[in-house]
Amino acid sequence: DGGITQSPKYLFRKEGQNVTLSCEQNLNHDAMYWYRQDPGQGLRLIYYSQIVNDFQKGDIAEGYSVSREKKESFPLTVTSAQKNPTAFYLCASSSAGTRTIYEQYFGPGTRLTVT
Amino acid sequence: AQSVTQLDSQVPVFEEAPVELRCNYSSSVSVYLFWYVQYPNQGLQLLLKYLSGSTLVKGINGFEAEFNKSQTSFHLRKPSVHISDTAEYFCAVSAYGGGTSYGKLTFGQGTILTVHP
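For the record, the sequence lines run as chains V and L.
In our numbering, each number is its position in the first sequence, counted from 1, plus 31.
In our numbering, each number is its position in the second sequence, counted from 1, plus 1.
Just chain V, with the same shape it has in the complex:
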């Protein structure tokens, strides 16, 4: 079955440590996205990538980094510079185009807790 996988589902880290969240898709989508979800705030875009080896900052990129070395993979690193990293992180992917909007498909999410 095609879809998006995120691992692990739950992640615990100590403050000051960097942590990398995995996102893999087999939908053959060109575009991939990372969102952060906090209660009552909806989803906020962290980074997105339209094509391999290229990515752009979203609305809340500070304290995060990404890479896009393969079409299928878009890992997110939460660095120690992120002041409030505890949140639910969602990865999404979509087809990419210049003439229309394609719906985004979401992974199951990773809940990160930093203490």
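FYI, nobody ran anything at the bench for these hints, they're computed from the structure.
One or more hints might be untrue.
[Stated by the list, open to error] DSS-like, lysine-lysine: derived pairs with alpha carbons at most 27 Å apart:
no.	chain 1	residue 1	chain 2	residue 2
1	V	40	V	114
2	V	102	L	59
3	V	102	V	88
4	L	105	V	88
5	V	101	V	40
6	V	101	V	88
7	L	50	L	105
8	V	114	V	88
9	V	88	L	70
10	L	105	L	59
11	L	70	L	59
12	V	40	L	105
13	L	70	L	105
14	L	105	V	101
15	V	102	V	45
16	V	88	V	40
17	L	70	V	102
18	V	45	V	88
19	V	114	V	45
20	L	50	L	70
21	L	105	V	114
Got chain V sorted already, so can you dock chain L onto it with the hints?
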């Protein structure tokens, strides 16, 4: 830039009653509109979308939404809800300005729908 406001943070309703979840948006350009549903500790699933054409859009699970350009609204409705509809619902917009488009979505804050027996 665009913004989305979901007017109700929580909507309680009894089973088999109708429900409306309200969504208003703001944008200086044309937009595409989406409703997503999220069950606890899961990702988001697309309910329906408006890209063009008929302003009444039908989606999965019996939901529908109506695009009202003059009121900049995209309210979600269901004539009779079930216990299984209990979830959080997100309205989202994506501006279409021609040329390159990365499909960026701006989400509302979410509305928690709770269906009581």
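- Item | Index of numbered hints that the structure contradicts, given in increasing order | 2, 9, 15, 17
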